[in-house]
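Protein chains in written order, with our numbering: chain W, 337 to 665; chain R, -15 to 382.
The hints are simulated quantities; they were obtained by calculation from the structure and are not laboratory data. Certain hints may be false.
[What the hints assert, rightly or not] Not everything, but these chain W residues come out facing chain R in the computed CB check (under 7 Å):
id, residue
1, Pro364
2, Leu365
3, Pro388
4, Leu389
5, Ala390
6, Ser392
7, Gly455
8, His459
9, Phe625
10, Asp626
11, Val627
12, Pro630
13, Leu634
14, His637
Where a beta carbon is used, it is the ideal one built from N, C-alpha and C, also for glycine.
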Amino acid sequence: MAAALNRALADALDADERVLVFGEDVGPLGGVFRVTDGLAARFGERRVFDTPLAESGIVGTAIGMALNGMRPVVEMQFDAFAYPAFEQITSHLAKMRNRTRGAVELPVVVRIPYGGGIGGVEHHCDSSEAYYTHTPGLRVVTPGTPDDAYALLRDAVECPDPVIFLEPKRHYWTRGDVPLGRSSLGMDRALVRRPGRDVTLIAYGSMVSTALETAEAAAEEGWDVEVVDLRSLTPFDDATVTESVRRTGRAVVVHEASGFGGYGAEVAARLTERCFHHLHAPILRVTGFDVPYPPPMLEEHHLPSVDRVLDAVARLQWDDEVVRSGVGA
Amino acid sequence: MSSPEQWTRPEPDAGPAATAARPTAEQVIAGLRATDEGGADLVQLLTPEGERVQHPDFDIDVTAEELRGLYRDMVLVRRVDREANALQRKGQLGIWVPLLGQEAAQIGAGRAMRPTDMAFPSYREHGIAWCRGIPPTDLLGIFRGTDHGTWDPLEKRFHPYTIVIGNQVLNAAGYAMGQKFDGAVGDDDGEATICFFGDGATSQGDVHEGFVWGAVYDAPLVFFCQNNQWAISEPTERQSRLPLYQRARGYGFPGIRVDGNDVLATLAVTRWALDECRNGNGPVLIEAFTYRMDAHTTSDDPTRYRLSDELEMWKLKDPIERVKVHLVKQQWADAAYFEGVEAEADVLAAELRDFCVAMPEPPAQRIFSGVYAEASPVLDAQRDEFLDYVSGFAGGEH
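Bound conformation, chain R alone (with noise of 0.2 Å):
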């Protein structure tokens, strides 16, 4: 196996290493193959067209005013979304993380869940933070660089941000165990948690581990994977062979593909999900399938991995639009709603805007607080040694 003769050989002409490599014919067919339609299981109900379909096993009765309130949730937190964005370009954030694309996903599943639920988020679920009811000024905070974390998790019901891929999902899980074993679990009014990762997460030592111990667990937890297609610059297939929904199979619990561009949809199934698990039957796993249409942060470049294309042919499958059309076929909605809307978010983009800007710095001290529960004579030695000579500097003796 490892003879040298077997490996490629360089191209005698091979030019220096100052290029990124093209994806070759086959990534790009993969990738195309790969994010074409989502397959006869994904779950729809409401098509790219906006025209709204059944589905036999997941349907859902929204009013026009459950459904104008999806709507505005999604332009809020897109909004919210292209504003951080901006302000990372303008320099006012370190970093972004965008959710642009989806929307859908997020919302679907955050509206599905209950106050007494408990979710664990990734890095990229600024739309859970908006149903958990953070508001978007909240975020700014990791990603201006003065904070970790902002909420409190416990009272938000919305754990941290966890930003290494996947370590969540078994936190999440012994959550989910101790709602179970403190009886929360069982009828209709049972508690549930539920865990969002990417497609890139599910190879993770981690999330296999939080899939084993769910099941033999019975825990009432949703396992919420937004497959966006990339893990930076990794299409999903170098993750899995088959669609991720079906790993859940071999687990012993049942995976639903969902049309994760689709709220309804999302919103149907993680609802259901959500009771399987309050009621005792979970796990559940639901692949959100969806596409990251902007970069994987502000720090990243994807027109080094993926084609024009591909963006062009899920900006057809826009979350967002398609409720719109279908809001004014049904005459759900009019133009002054609409503007409503816009408006509104033009607030939310002003006050997000205002408040980054505003933020004070830090106090330096505070890198000494929050390490221990009780006071440590060692930190604080160490503090007040740092904060004497730091106010050498400001009694100029240096």
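Bound conformation, chain W alone (with noise of 0.2 Å):
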């Protein structure tokens, strides 16, 4: 995935000579995850440079940049490293259209890894989206795959509005076949990753590989899943995922971050309000715990697992249930 979101950028580069990638070691280093591996040198040190350590510094000259006419594409190293930004991407860059009725547009992508499951440290490992999607005026993004990162990243470039762009680092070294094509998925749109009858898995970032995961061991106890990766966390693609879940009629919505609070309220909030219905369980949530992020001895237990997200399956009052398609359990 590091292959293809340095790819990405590269081409974006390359497409358009107002795109500049800065932030701290992304220059000669090329970035701590190798993101930026050779783009300064390739494109030189006025498109791709280093900056001091300032994470408030990288967004809010980005925002003065854009303002200029550049397209700037920003690194800040870790999820929690990125919280001395906070301001300017809550206060300026989401709400500079809102504040100029529409008349300045900051084409800024804040680039953040996040989550964990890398044996990170503190302050390494957080899953910051809650704090970006209850932001209005940003999109967020995230891919679960390498394809969708190269297409997300291109797509988020040529955005017009501001992109909070969440690259589930421990998904860094996974391998897979990339396009280099244009997606004509764009970039606001879920994608069913696996079709099935009986329960939608709803899944973004690092989830989505345990979400299929889950699947398969699901199928083997007869149950048939369905998995949708959310790509666009801001804005939510309610048709594609109330489609799935009035056809299934079951939802577990899976995130490493804190669940109370987080991003599948959210989620279950709306459904429960579009397919009331259709739904034989309540909406399942399986999240990270309320608590701050263990040290790497402990993640293990706090992020949701592939058992843990089959038990939330299994807990979806099946007992009642008259259409399950499949055999045993």
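Each of the two chains sits in its own frame; use the hints to bring them together as a complex.
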């Protein structure tokens, strides 16, 4: 996935000379995850450059550059390192269009490696998506696969709105085929990664692969599981998700972030509002616990696993069900 | 300004993005210049060749025993550092943050502190931890991944390591303001706070705010910046146009650049600065001019961004070697003494190793503890549900 993101940045830099890439250690080092590897050498230090260590400065100056006609793609080194930039993001980046009655747009992409699963120390494993999805004016997207990493990042760079681009860092080393053409899907659409009839697993970022593995395991137990990869957290693709859940009548939302006040709460609430009469069971969430992100040796307990998601699937009131398509269990 | 013509066009035959950019000639020259001698204002009491020199403003009388003690401290923390680095390489630690090369800066500052002083580290301050009486084995939890922190910060008067760059500077400013509000400042028996951060951190807003707050409240706070020349891959020139110690003037307090590889000079300057603070004349900025001889962390590969020439140059300024030479010249230590310290280091390293490999796995339910002062019904229910779920596996129900 890191290579797909690297290629997307290179192609975006190539396609539009207004595109700039900057952040901490993104130049000669190529970023701590090597996502910007080779870009400074290829495109020069005026277009790909290291900044002082100040995240508010990185986003604040990106806003200024965007005002001046450029298209900055900036990197926050880790999820929790982005918080110093929070004010620039929420008060200025998100609101400029609204404040200027649409006169000013800020096509800025803020790339943020997020989530755990890599044994990272404190402040390196946060899932901070809900802070951004709760901020009107921002688009928030997150790829679950290498091909989507390429497609979404190309779309994000061309987007006229500011985009918070969340990269599931545990998948930086995940391999996959990456078509280099532009996707016709667009940035805002959810994608049914696996069709199924009995239950819809709704996931994004790192949890897409967990949901797909769960679907495999569930199939052995007789459940036909559909997996929806949200891709775009803001805007939310009501049409795709609602259609799926009305069809299956059951849903589980999965994310790494803590559950209380998390993104899954919004998904569950929307689906309840729109699908209530189609539901056979309450919508469940499988999330990180409501605790600070634990140290590396304990993170496996915190992160939703195939077993925990499967456990939730099993709790969806199957005993009263008459339309269940599978056998066994 | 935004005319596309102004942007550098890619070379037509540029290869694929597969290799790191090599540093440009300008970067090399700038880097070597920046890490040369530290300039005319550098406070030094012991040259890299082990010669004792005088300084008009800062001097210190040390006995043979005291200097041997500083030497021993540096050798032991270096051995701890190297052993921990090796433990990471063997898979026993998830990550390690090497202090190699910064022993004098840390032991000099750490030994300048009194037990009543408070310290706020970043994450490389293993030498300061040593001086605060924290056993090296207590450092391992964070890096093995069993804990976020293992010592009691108020008991040890040593704040937890702060990993996000520069955040602790404001916390230190607040602590120091509290010392002042409590009337614990104003004479030789007063208290002081010292805060550690790096050259990269000086760009962070929190650090500037810390300077402002420390200044306008006359806080008894020593800002101790270890300028080790590199913020991961970025040289100090990316953070500042002028030497970092000169920034203090703009905030209205003294800034001193000390040879951070000279334990005597660092001890003298830091002791003076802490005394200024405890007497009510703070804050003070100290820039300890030093060098990170190893990687940023064990995850980092410095060969991608800096030249080995630079490291070779700094090896000639090794903080430990110059003290050893001086001790020998003064006939303050003999071969038996040095062998004794090495033997002690061997024991310390063995203890660290043995402790590390025997560290138990932390219990899963620990993730639910220490979140709130009082029991939270929501969280307690979550924990109980989780433990039920886990015990289901033990019972073979899944």
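For each hint, the structure was consulted:
A distance limit of 7 Å between C-beta atoms decides the matter here; for W/Pro364 the minimum to chain R is near 4 Å, and the interface restraint holds. At a threshold of 7 Å, the smallest CB-CB gap from W/Leu365 to chain R is about 4 Å, leaving the interface hint in force. Because the beta carbon of W/Pro388 sits about 4 Å from the nearest beta carbon in chain R, less than 7 Å, this interface hint is met. The criterion of a C-beta within 7 Å of any C-beta in chain R is met by W/Leu389, whose closest approach is roughly 4 Å, and the hint holds.
Among the interface hints, the one on W/Ala390 holds; its C-beta lies about 5 Å from the nearest C-beta in chain R, closer than the 7 Å criterion. Because the beta carbon of W/Ser392 sits about 6 Å from the nearest beta carbon in chain R, less than 7 Å, this interface hint is met. For W/Gly455, the interface hint holds, since its Cβ comes within 7 Å of a Cβ in chain R; the closest pair sits about 5 Å apart. For W/His459, the shortest C-beta to C-beta distance to chain R is roughly 5 Å, which falls under 7 Å, so the interface hint holds.
Taking 7 Å as the C-beta contact cut-off toward chain R, the hint placing W/Phe625 at the interface holds, the least distance being around 6 Å. Interface restraint check: W/Asp626 against chain R, minimum CB-CB distance 6 Å, threshold 7 Å, status holds. With a cut of 7 Å, the hint placing W/Val627 at the interface with chain R holds, because the nearest CB-to-CB distance is about 5 Å. Evaluation of the W/Pro630 hint against chain R yields a held restraint, the C-beta minimum of about 4 Å falling below 7 Å.
Taken as an interface hint, W/Leu634 checks out: its beta carbon lies about 5 Å from the nearest beta carbon of chain R, inside 7 Å. Because the closest C-beta pair between W/His637 and chain R is about 5 Å apart, less than 7 Å, the hint holds.
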